[in-house]
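S.K.: One-letter residues, chain by chain:
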Amino acid sequence: MKNSICMPCTDWVEKLAIRNSDDLSYSQRVALNEHLASCSACASSHFAHQAIAGRICSLPAVEPLASLPYELLQHVERSVSRREQFACMFSGILIWLRSLSAAFIHFLQRVDYVSDDHYCYALRADSHFLVWRYKKSNVFFSSAAMKNGVPYVTSFDAQVFLLGSRLRLFGDSFLWRQ
Amino acid sequence: MSIPVRDPTLSALPTETVWFVEVVRDAQAGNISAFNTLFQYYNARICTYLARMVGNDEEGRDLAQETFIKVWRALPGMNDESQFNTWLYRIATNTAIDHLRRGKFRWPLFKNSVEQEASASMTTAGPEEQVEEAELIKLALAQLSPQYRACLLLQHVAGFTQREIARSLKLSEKSISIYINRGCEQFRQAYERLANGKDSV
Numbered sequence: 130m131k132n133s134i135c136m137p138c139t140d141w142v143e144k145l146a147i148r149n150s151d152d153l154s155y156s157q158r159v160a161l162n163e164h165l166a167s168c169s170a171c172a173s174s175h176f177a178h179q180a181i182a183g184r185i186c187s188l189p190a191v192e193p194l195a196s197l198p199y200e201l202l203q204h205v206e207r208s209v210s211r212r213e214q215f216a217c218m219f220s221g222i223l224i225w226l227r228s229l230s231a232a233f234i235h236f237l238q239r240v241d242y243v244s245d246d247h248y249c250y251a252l253r254a255d256s257h258f259l260v261w262r263y264k265k266s267n268v269f270f271s272s273a274a275m276k277n278g279v280p281y282v283t284s285f286d287a288q289v290f291l292l293g294s295r296l297r298l299f300g301d302s303f304l305w306r307q
Numbered sequence: 116m117s118i119p120v121r122d123p124t125l126s127a128l129p130t131e132t133v134w135f136v137e138v139v140r141d142a143q144a145g146n147i148s149a150f151n152t153l154f155q156y157y158n159a160r161i162c163t164y165l166a167r168m169v170g171n172d173e174e175g176r177d178l179a180q181e182t183f184i185k186v187w188r189a190l191p192g193m194n195d196e197s198q199f200n201t202w203l204y205r206i207a208t209n210t211a212i213d214h215l216r217r218g219k220f221r222w223p224l225f226k227n228s229v230e231q232e233a234s235a236s237m238t239t240a241g242p243e244e245q246v247e248e249a250e251l252i253k254l255a256l257a258q259l260s261p262q263y264r265a266c267l268l269l270q271h272v273a274g275f276t277q278r279e280i281a282r283s284l285k286l287s288e289k290s291i292s293i294y295i296n297r298g299c300e301q302f303r304q305a306y307e308r309l310a311n312g313k314d315s316v
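Top to bottom, those sequences are chains S and G.
Those letters in the first sequence? Residues 130 to 307, per the numbering used here, in order.
Those letters in the second sequence? Residues 116 to 316, per the numbering used here, in order.
Quick caveat, the hints were computed from the structure, so don't treat them as lab data.
Treat the hints loosely; a few may be bogus.
Some chain G residues close to chain S (C-beta under 7 Å, calculated; not the full set) [what the hints assert, rightly or not]:
1) N158
2) G175
3) N296
C-beta: ideal position from N, C-alpha, C; glycine also.
Based on the provided sequences and hints, a complete structural model is requested.
M.R.: Shown next, in the form of structure tokens:
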């Protein structure tokens, strides 16, 4: 490293510092190797370049960052909380609209309600066609009358408590009871 | 949007692969876990590159933070996902050059302190040779112009081809070839000067 480098050939000087093999085609690599074998000035320059590369690469590794930058993490938290707020508000509006429309439909039709372990079904009283299905956890009734072993509730109760529960008039403490 | 599970520390990850492009696209769409995958892959590389650019590990890490924040903000505007690699290093290089420019007025002081530090490390009897050698290399790198330094480091530390360096620095391939040669020559001279100074001390 301490010896000064002889002047390399001008035609080759730009290729002597190339380190990545993708920079040269196969024929160029062959030609360069042949030239290095015959020209001591270019060979020593090439060697010096390789030595420099070796020295730079020999520097100890730098300890990386422990995690994403704090500002970025904050940005992510803010965007997530905004998204959650929006999703919560949107689903609230959606549930309220669905409740309203359900109550309206039930008001116009005579509907019986029947439940199993997971769902409560609204059936047309005359034909027993399914009008609506609710998750039990989302619908609260005041009472359920048993008909042929199946718990029925009156449509009035259903409408009142369906709306009430959606509008949270009764809070979350009002539980299903049969 | 699901991110394929893959070890981000794999060294031979071709940045043009479909998988990689998908991750970049997801990150562009605001997916933070995709961005975190990119961060995990580039974290050590960018920290090392920037530490070499500014000659200080701690400052390099600070600049890496700044770079990743800039990348996150600019990602939606990036056009070609397959060129993420060179685009990222362009941001990192510009961040480093801006930092060096900001420190321009401190340069004489910095230079003195560097020389003092160099002579101190050379006269101290205790330090190991490897540490001294690393210091010499860092000092020699610090004496290159930022453009030459960036070219040398992109070639030797980031492992870029000259075409990729040209794309990253928005210069012609011909210029890159010249810059690397001049950079090597400047480095060699600086290194010799510093090593001779050490010998004379």
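S.K.: For each hint, tell me whether it holds in the structure or not.
M.R.: Now for the hints, and whether the structure bears them out:
1. N158: Holds - the Cβ of N158/G comes within 7 Å of chain S, reaching about 4 Å at its closest.
2. G175: holds, 6 Å
3. N296: At about 5 Å, which falls below the 7 Å cut-off, the nearest Cβ of chain S leaves the hint on N296/G intact, so it holds.
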